[in-house]
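Novice: Sequences and hints are given; from them, build the entire structure.
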Amino acid sequence: MKVSKDWLKELIDLDRPVDEVMDLLPKRTIGIKEVTKDFFELDMKGYNRADLLSLRGVAQEIAAITVSRVKGQGSSQEDFIWSKNKFETTPIGIEDLQLSPVQCVTRIEGLTVQASPANWVKKLHDSGIRSINNLVDITNLIMLEYGQPLHAFDAQAVKDHTINVRLARKGEVLTTLDDKRRVLTDADIVLSDDEKALDVAGIMGGKDTEIKPSTTTILLSASMFNPQHVRRTASRLNLHSEASRRFQHGLTMQGLLQAYSAAIKMYQAIGGKVTALSLKGDFQTVPINLILHYSKINNLIGTVLSKKEIESILGRLQFTVKTVDENTWQVSPPYFRLDCQQEEDIIEEIARLYGYEKIPKSPLPGSPPSKIDQSKFEFIHQLKKSLATVGLKEVQTYSFFSTQVLGSLGTDQRQLVKILNPISAETAYLRNALWPNLLEVVSFNLKHFKDVAIFEIGKVFNLQPGELPKESYFLSIALSNDTDNPTEELYQLIKKALEMLYIGFKVESREKQDYFHPARQQRIQSGKFSSGILAEVHPRVINKFGSDKRIAIIELELELK
Amino acid sequence: MLESSNNMQDKIADIKNTYLKKIKQASSLKELDEHFLALFGKKGAVTKLPKEFSKLSKDQLQLVSPLFNGVKFELEKAISNKRLTIRETGYSLLERESLDLSSPVEIKKRQGALNPLTEFENHIVQVFSKLGFQQYDAPQIDTDINNFQVLNIPENHPARDLQDTFYIDSTNFGIEPGRILMRTHTSNSQIRIMTEYPAPVRFMNIGRCFRNESTDARHEHTFDQFELVYIDKGLSLANLLYLSEYFLKAVFGPEIKARLRPKYYPFVEPGAGVDGLCIFCSGKGCNICGGVGWLELGGAGMIHPNVLRAGGINPNEYSGIAWGCSPERMTMLKQGISDMRQLRNGDLRLFESLGSSVKV
Numbered sequence: 182m183k184v185s186k187d188w189l190k191e192l193i194d195l196d197r198p199v200d201e202v203m204d205l206l207p208k209r210t211i212g213i214k215e216v217t218k219d220f221f222e223l224d225m226k227g228y229n230r231a232d233l234l235s236l237r238g239v240a241q242e243i244a245a246i247t248v249s250r251v252k253g254q255g256s257s258q259e260d261f262i263w264s265k266n267k268f269e270t271t272p273i274g275i276e277d278l279q280l281s282p283v284q285c286v287t288r289i290e291g292l293t294v295q296a297s298p299a300n301w302v303k304k305l306h307d308s309g310i311r312s313i314n315n316l317v318d319i320t321n322l323i324m325l326e327y328g329q330p331l332h333a334f335d336a337q338a339v340k341d342h343t344i345n346v347r348l349a350r351k352g353e354v355l356t357t358l359d360d361k362r363r364v365l366t367d368a369d370i371v372l373s374d375d376e377k378a379l380d381v382a383g384i385m386g387g388k389d390t391e392i393k394p395s396t397t398t399i400l401l402s403a404s405m406f407n408p409q410h411v412r413r414t415a416s417r418l419n420l421h422s423e424a425s426r427r428f429q430h431g432l433t434m435q436g437l438l439q440a441y442s443a444a445i446k447m448y449q450a451i452g453g454k455v456t457a458l459s460l461k462g463d464f465q466t467v468p469i470n471l472i473l474h475y476s477k478i479n480n481l482i483g484t485v486l487s488k489k490e491i492e493s494i495l496g497r498l499q500f501t502v503k504t505v506d507e508n509t510w511q512v513s514p515p516y517f518r519l520d521c522q523q524e525e526d527i528i529e530e531i532a533r534l535y536g537y538e539k540i541p542k543s544p545l546p547g548s549p550p551s552k553i554d555q556s557k558f559e560f561i562h563q564l565k566k567s568l569a570t571v572g573l574k575e576v577q578t579y580s581f582f583s584t585q586v587l588g589s590l591g592t593d594q595r596q597l598v599k600i601l602n603p604i605s606a607e608t609a610y611l612r613n614a615l616w617p618n619l620l621e622v623v624s625f626n627l628k629h630f631k632d633v634a635i636f637e638i639g640k641v642f643n644l645q646p647g648e649l650p651k652e653s654y655f656l657s658i659a660l661s662n663d664t665d666n667p668t669e670e671l672y673q674l675i676k677k678a679l680e681m682l683y684i685g686f687k688v689e690s691r692e693k694q695d696y697f698h699p700a701r702q703q704r705i706q707s708g709k710f711s712s713g714i715l716a717e718v719h720p721r722v723i724n725k726f727g728s729d730k731r732i733a734i735i736e737l738e739l740e741l742k
Numbered sequence: 002m003l004e005s006s007n008n009m010q011d012k013i014a015d016i017k018n019t020y021l022k023k024i025k026q027a028s029s030l031k032e033l034d035e036h037f038l039a040l041f042g043k044k045g046a047v048t049k050l051p052k053e054f055s056k057l058s059k060d061q062l063q064l065v066s067p068l069f070n071g072v073k074f075e076l077e078k079a080i081s082n083k084r085l086t087i088r089e090t091g092y093s094l095l096e097r098e099s100l101d102l103s104s105p106v107e108i109k110k111r112q113g114a115l116n117p118l119t120e121f122e123n124h125i126v127q128v129f130s131k132l133g134f135q136q137y138d139a140p141q142i143d144t145d146i147n148n149f150q151v152l153n154i155p156e157n158h159p160a161r162d163l164q165d166t167f168y169i170d171s172t173n174f175g176i177e178p179g180r181i182l183m184r185t186h187t188s189n190s191q192i193r194i195m196t197e198y199p200a201p202v203r204f205m206n207i208g209r210c211f212r213n214e215s216t217d218a219r220h221e222h223t224f225d226q227f228e229l230v231y232i233d234k235g236l237s238l239a240n241l242l243y244l245s246e247y248f249l250k251a252v253f254g255p256e257i258k259a260r261l262r263p264k265y266y267p268f269v270e271p272g273a274g275v276d277g278l279c280i281f282c283s284g285k286g287c288n289i290c291g292g293v294g295w296l297e298l299g300g301a302g303m304i305h306p307n308v309l310r311a312g313g314i315n316p317n318e319y320s321g322i323a324w325g326c327s328p329e330r331m332t333m334l335k336q337g338i339s340d341m342r343q344l345r346n347g348d349l350r351l352f353e354s355l356g357s358s359v360k361v
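Chains as they are written, first to last, in my numbering: chain X, 182 to 742; chain H, 2 to 361.
Some hints could be false.
Derived list of chain H stretches under chain X, where covered just means 3 residues or more per stretch with a C-beta under 8 Å from a C-beta of chain X [claimed, not checked]:
no. : region
1   : 116–122
2   : 149–159
3   : 172–185
4   : 195–204
5   : 237–243
6   : 341–355
Keep in mind the hints are simulated off the structure, nothing from the lab. Since the structure is predicted, the reported quantities are computational estimates derived from the model, not experimental observations. Positions of the beta carbon are idealized from the N, C-alpha and C atoms, including for glycine.
Specialist: This is the structure:
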């Protein structure tokens, strides 16, 4: 969210220069991504504060964390344009209130499309939005100020001035404002007239009904949509707009009505005449009442705040507070704080307005719980240590098989755990062994070193019919020692490392794998490990990795409880 | 004077015949390398010949050019085929080699080392063991329920956008796609810890996590997380601050200070970002801390009541602290490593650049 500094000053009587607020916001509210002379950008990534997606919400928040007053609380019920006047209505159809609980449509006539005045353009520019024309810009200015997206249709292109909200039909096609032909599914919500889809709900309007230079009459629409549908559609179409973000974060009835009335007034101020206005749906909201325990606040924050301090903080945040008894309040968050749903949410509000930096430090209470078996972790720790002691370097390779590995070993990919949505072919399959990755690492390092001795301990993944894939810890070692027979030294190395841990080790039957040296591959057996393999990798395989040196490997599965 | 095209054709034929014969007779890769150089090296016959083409007329060139390219291709192919033949002949001799594991081969002296990530993780385990924290290991492939839903991140929660997830193709083990995933954080341990062990508990998890993100010097699709899961009666943000400072002092020395800042994570409430006084400028403000004097070092918070309830713990009786940091980031800061990818690309020159700072 880019916050225009000039615009913010119109909405709040700040008790200090705007730039001082920049220091305070990260300590009280939210991180700041960027500051310029015209705007600052809040780091909204993943944040749940829908109210901070509007200038007015940001002003309220800054008023609470400083000691400032918001200018003009927005229109009240009585000031709404429809409270004082009676209007003709246009038809609205809502297929399912679960998709869209409310829908507002106003017909405004007598408009002229012009360039927007300079102060509108500046406000939009500061906020990172391009000015289009006066009629479209009003919808964006209102969205930025109130957080409620609006859409203006060219009334001429909407049959019978009817607006319906419904699910799209599977395969229904709509060309959006960006000139792209969108094929819709039956999970997407659209606005439509009785003939055709007009707008991908919450995401982008249609090309046919956009404001044209000749437009004189618009249908101004305000809606609320099921955020889950908007999120899914936005992801599927990869179309994340300023509007879709706000629909997904959640909107409020009060915010919608205030924004809508303010927008209509802006159109009237440029000569528009309202000739029809319809509000459909249930606009009632039930305020949330939460029980807040005095003792729980200080217990969870670790402070000794007085009741008076707490009430004062909640007052600054516009929470309504009623005393129930000695230890209990009934608290009602302001309508725009959709994120406050539980007692703990309010406690966080108190903590942050009090100031996280003032929270004292307190040692851990109680005594440590009883010991549980840690032998698995200790074994891995000791094993790594002894392997390093005998001269091996520990590497950590990815949990995937690279295309290089898959191609060079001719691995049967049906045996591997597969990723549905890989970044690229390099992250498409999970490894079911470690040594191929070590082989890749050794081959790379042989360009820089004559002698390479490495190991890795990590998880490998195997398919199991009817169950989640099996995860097992493996140890692998790889050695290239500038000789024609590294296997013999590798054998001595592992024997020595395991002797340090008093673990026995023996060689069993000969193996017969094509990717290993025909005469140098042995099953091996050791306590603490399931059976494994000691082998020289076949030079033909090594050659595919771009090396002509000899490389030996060990692969063992750790037996862990 | 123009060169006759016949003359040029002869030269090409000559190169072809001479070298095809040599290649055929070659018996080692080394010999082939010599022939390759004689043909395609800087002063090789094939490299040099086109310089004479300027003497040819356009018509002649149209004749000579395809001929030359054909021969060039033929020679390259002959060499690579012969290389394969020589290799395969060599491979067939492997049968004659042997393995004598009883031979007392001497182990070379080498400087072994643990990966710097392991070094850091060993250290931090030791540090928190002193406070009674014990290790826990959760699977890296898990259900959407354990990784998200029980952590107060229902489907379509905006926080899912922060954790772009690798999903497993689970159709072949009979689970509809989109339910099984690579864990995006170690917090998939929380539900297991709470159901397996009665409160109070002090656990730490270290392990690999995965996110479907493009990689750069500061982001990896594969990374480790360190996380404390601490549940007891009467825990508060004040204890969380204590743990943060205890950790930072152990890692960066006694001079460092910890600071908490509001931060949103869906599975904690209140949530806190953990900052440390910048270790490079001691808080004065520098390039590395972006002039603010503090470095973002961890994320934490009081475990969300919905998460405690999902684990069968009464949030009115117990509270919990979840506390995490990125071992990669810590290791990079401590060792002066500028690119996260160096920790997993296997390039052993990393150890040389770290010098003696990594001990066994």
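Novice: Check whether three or more residues of the region 237–243 of chain H sit with their beta carbon closer than 8 Å to a beta carbon of chain X.
Specialist: holds (count 6)
Novice: Under a C-beta cut-off of less than 8 Å, do 3 or more residues of the region 116–122 of chain H approach chain X closely enough to confirm the stated coverage?
Specialist: Answer holds; 3 residues pass the 8 Å Cβ test.
Novice: Given as covered by chain X, does the region 172–185 of chain H meet the bar of three residues or more with CB within less than 8 Å?
Specialist: holds (count 7)
Novice: Are at least 3 residues of the region 341–355 of chain H within less than 8 Å of chain X when you compare beta carbons?
Specialist: Holds: 7 residues of the region 341–355 of chain H have a Cβ under 8 Å from chain X.
Novice: Report holds or violated for chain X covering the region 149–159 of chain H, Cβ cut-off 8 Å, minimum 3 residues.
Specialist: holds (count 3)
Novice: Just to make sure I understand the rule, a stretch counts as covered if three or more of its residues have a C-beta closer than 8 Å to a C-beta of the chain. Does the region 195–204 of chain H meet that for chain X?
Specialist: holds (count 4)
Checked against the numbered hints above, the structure violates none of them.
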